[in-house]
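K.L.:
Protein chains in written order, with the working numbering: chain A, 1 to 259; chain B, 1 to 259; chain C, 1 to 380; chain D, 1 to 380.
No lab work stands behind these hints: they were computed from the structure.
Keep in mind that the hints are not guaranteed to be accurate.
Keeping only pairs whose Cα atoms sit at most 20 Å apart, straight-line, the calculated PhoX-like set for lysine-lysine is [said to hold, decoys possible]:
1. C/K106 / A/K177
2. C/K172 / D/K320
3. D/K106 / B/K177
Covered by chain B, per the in silico footprint, the following chain D stretches (three or more residues, Cβ under 8 Å) [claimed, not checked]:
4. 71–78
5. 94–105
Beta carbons: idealized from backbone N, C-alpha and C, even for Gly.
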Amino acid sequence: MNKASPRLLSIGCGAVYLFMYLPLLVLVVYSFTPTEYGVAWEGFTLKWYIAVFNNKYIQDALKISLMIAIPTVIISTAIGTITAFTLYRYKFLGRALYQGALYVPLVMPDLVIGISLLLFYTSISLDLGILTILLAHISFSIPLTTLVIIARMQRLDRTLEDAAMDLGADEWTTMWKVTLPQLMPGILAAALLTFPWSFNDFVITFFVSGVGSSTLPLRVYSMIRLGVSPMVNALGTLIIVAPLIIVIIGTYFDRRSVS
Amino acid sequence: MNKASPRLLSIGCGAVYLFMYLPLLVLVVYSFTPTEYGVAWEGFTLKWYIAVFNNKYIQDALKISLMIAIPTVIISTAIGTITAFTLYRYKFLGRALYQGALYVPLVMPDLVIGISLLLFYTSISLDLGILTILLAHISFSIPLTTLVIIARMQRLDRTLEDAAMDLGADEWTTMWKVTLPQLMPGILAAALLTFPWSFNDFVITFFVSGVGSSTLPLRVYSMIRLGVSPMVNALGTLIIVAPLIIVIIGTYFDRRSVS
Amino acid sequence: MKRISSVELVRVSKRYGDVVAVDNLSLTIAEGEFFSLLGPSGCGKTTTLRLIGGLEQPDAGDVLIDGEVVTDLPPYERNSNIVFQNYALFPHLTIENNIAFGLRLKSRRVAEPEVARLVAEALELVHLEGYGARRPNQLSGGQQQRVALARALVLRPKVLLLDEPLGALDRKLRKAMQIELRRIQHEVNITFIYVTHDQDEAMSMSDRVAVMRNGNFEQLGTPREIFQTPRTRFVADFMGASNIFSGRVVALGAGAARGASGRTIQIETESGLRVISSDGQGRSAGAAVEFSIRPEAVQVFPRDRDWIADNKFEATIVGKLYLGDVTELEVALGDDNSISSRIQSSIDQKFGFKEGDRVSIGWNAEDCNLLSSGSDTTRC
Amino acid sequence: MKRISSVELVRVSKRYGDVVAVDNLSLTIAEGEFFSLLGPSGCGKTTTLRLIGGLEQPDAGDVLIDGEVVTDLPPYERNSNIVFQNYALFPHLTIENNIAFGLRLKSRRVAEPEVARLVAEALELVHLEGYGARRPNQLSGGQQQRVALARALVLRPKVLLLDEPLGALDRKLRKAMQIELRRIQHEVNITFIYVTHDQDEAMSMSDRVAVMRNGNFEQLGTPREIFQTPRTRFVADFMGASNIFSGRVVALGAGAARGASGRTIQIETESGLRVISSDGQGRSAGAAVEFSIRPEAVQVFPRDRDWIADNKFEATIVGKLYLGDVTELEVALGDDNSISSRIQSSIDQKFGFKEGDRVSIGWNAEDCNLLSSGSDTTRC
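Same shape as in the complex, but just chain A (with noise of 0.2 Å):
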């Protein structure tokens, strides 16, 4: 290519981060906007985040997210860490349509994941609440949990389990020595994938939710249908920021884990 090429190419991918991220740029430059219904700039206020942090709902909401979310968290990536061990080091009957079976979920739409959870608590006549939230977050987050881990795993060298077997530790000593320590960065990992991926949830929870148990995109939504109010930007503003500080956080501890 000529020397105009890369100053070409830099523009063109310019205009494509544009385009990927005006809308959300308009969406925070009208948080601070004073007009209730209008889409235009009409000065600059903060009366919407001020709304936003003295109402009870959003509070509430908020509340039960991170009621959900945390312990989501927390059991997923228990849970993944496990399974990927056992798909990762036992050789059994199938194991690969087991791991292959982890992407299904990942690729399947939200609505027919809700649905089925729906009809299945439906049927064995659980009420739906926040337990009935949790369950439902878990479930989806573990395919992701276990193939965070297992990536990890793949990269793990097996010498060094040879080396402190050899050095006298049994299989748990080993497990608990060496192998989890050396884990441990894709655990993290995972578990700070997981908190947006239960924290952001909205049409598994819409389904699977009772009354009395809305999430935050469950009130944002429920405020979308009262309108869009400058409110709601301000929410979506501030929900923009959360996921940024936890990629950062999650990139760095990738790229510690791959170093």
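Chain A is already provided as a structure; the job is to place chains B, C and D on it using the hints.
P.N.:
The following block gives chains B, C and D in isolation, referenced to the frame of chain A:
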């Protein structure tokens, strides 16, 4: 661990899989039961499948879904290839920031993306319809395709390009005859992952679709609002099978690209 | 006396699927011996090491350490330790904690002050005093290698198993570590079993060497025996005796060989050369025979020079490699045969040999090393 | 005559950030020469090769190929080709199409029957007839190496650049390929520039060798010059002359040296040894001096034996490595000094040397190789 451990672990692993996949199985089973509102097994029937295939609304929705998913795959894979190439090959200020920014949409709630896109299209007075859905899908698919192709690029052997130029090929010839053929498995994997990504989307599409532009997930949703009929179960079962096939093909190509 | 040997393998076999890695192998290694398993990759040498260490279980046969059967014991109950090829240091632990890993395990019950003392002693043994607080990735390859050695030796095993421990080091460091390993072995007086594919490494350090092939021994003996009198074509080739000929015995006791021991025989090679070899007892006229000649034994002189050798031929120099002290000449004998000769570079310089020169080459009857008739059938 | 040289570098420099990879380097290589760039990793040898090939642009200086300045030409407009260390064969193309890659480019306009003829010829040159339809991953390392060679040679470059092409091959194959490379170079008569960190490889094939360090030449000469008379401590060390001493000139013309050329001097080393060296012209009494002795020059005999050498000492054997033809002895001279000696294994066997033996060692004045006073200041 003692001799019993592997068995214990595989029992635990089985329980985890049951927990994840039983609801989907229940959905599949119920799609073959004749009772309209019951949730108990009362014999075998294919009538809901026949109903699905004869439903004009579903056919129309499927057409619209494909009309959006196919161009989305083509356009976002093409843009993703160029973006990945630019990000990977040229050093410029803030490149790490650009690359990091690709992760943002992947951990942001669909709801916020949907709201911001709706706000954006409204503010530039774009009529909601198939065009806005297509633009939205392309915009949220580009980060995915770019990341998949960058991952492949990182495994690329740069000396192959050195060799091509040393043998007399200029930059364009090198890109066409050496770089792109090497990148092909990654490009195919990106395309195969983008298809369900676009086809399955509900939340974002929900916000940016206009009247008469219902995709399949939107159609399913409106069917559910009229009550969960076994026809939805049948449709859901069909939707489960489709991505399964794509996953199998995708895994195959990804494996090939690794080896 | 109960103790007869440090390590003993009795008819040990190990398969992976269809591949036989170790094939009915028996072996006795004496206490304090430096024993090397030498062979190309895939010959079963590493598997043999792992069978002794307990990281693999044999399909048949028994492993004895210090006179006791340990075949069914897991690695952590065996009195052996391994130094791994990639060192296998624990990256999350400091050097000190790496070395103390085995000592601190509950099963050993070593008190903490004793642990500190033993670790300091081990660091001193490998000349790494003051490195205890570092992490493995802050050390060079050679230093990591020595930490791995210290970590294994601190447990005072009956036998130390070394799996190509010098493979990742550069040539100079490898030479230094060979001397170091011998020193350490003399100091701790532990049986060393050393796996390598490098004949120089095996020869330079070992009391005995076993050349392995297809899961069994091709030849077992002192380095000198294996280097000077390889018994099979495989061993001769592997030890770098690149001149190997096939032929047939045409006469017994023929020719006057200088300094020859045993009965001399005359051989006609497939390409028609007539060669006199010593040590021909047991060979009968007409029998097929293979022999090797080390390049160092092949002398090269200008054609007009008068000199004596049992076997002398006219030849042409076709290649020349200057290797410093020595120069390697590739010499063509007629159309089909070529032979390598290694001469002192000073001699090469004196005669000014160059490619294309017609020369006179030769070697004595005692330099012909007769190989076993069937190269695969030899078992130790 | 316009053409004066095949490749010429004129005061070429190349930096990467703060690191100077090539530092004001000048060099002239004659047509048809086999020239090696030898040095440890990071010495700038590969960068020099890439500067000639056009894969890097120099920050200063000029590159000439065949008498023409090519400094600003991209690699695809230069009459040079590279054989890469990892071969860099295109995995998506067959062997045939790999070799034809350069020929089929539009800029070359080679007709298809001619392409087929040239490819067949190239495959023949590297002895790979019949492999054309395979893929690179179906070939062994040595075969891939030869395909890379064929792919570069088929374009008949003025100069062939080889970047450690034998690095990934095992020892036996490497030896065979060294002979093969010389043969091919003679056959095609193209200038070869060969990058390696292996002194044996550089010595065995090259007409001239440049030892590189920190982006410039430490010494440039024939293999024999560099091996026998390294000019600096770095070169001596790199070429395996592991005995290097520092000292001070204490007397001029002293001592009767056997076979010594030039003026003899007497040196007292830092540890108090008194050594007589020849070639001492230009050294003054009291001056600091360094010298190296090749292990082959150091003779070892039992103490009770009567023998003559310019420099003789009493010493103790502290290490012994059997290397086949030769045996390396590590000998302690007093507390601080140790010296390596390489003797014929037959001599070692005759005297039965073992560790701990007190022996007499020695070497002649002419075997002391005096090094330049400042090892860094030498420029070629």
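K.L.:
Now tell me if each hint is right for this structure.
P.N.:
Do the hints match the structure? See the list:
1. Among the hinted pairs, C/K106 with A/K177 is consistent with the structure: their alpha-carbon atoms are about 13 Å apart, no more than 20 Å.
2. A C-alpha spacing of about 16 Å is found between C/K172 and D/K320, which places the hinted pair at or below 20 Å, so the restraint holds.
3. Distance restraint check for D/K106 and B/K177: the Cα-Cα separation of roughly 13 Å lies within the 20 Å cut-off, and the hinted pair is therefore satisfied.
4. Chain B is given as covering the region 71–78 of chain D, and this holds because 3 residues of the stretch bring a CB closer than 8 Å to a CB of that chain, at least three being needed.
5. Evaluation of the coverage hint for the region 94–105 of chain D: fulfilled, as 3 residues show C-beta separations to chain B shorter than 8 Å, against a requirement of three.
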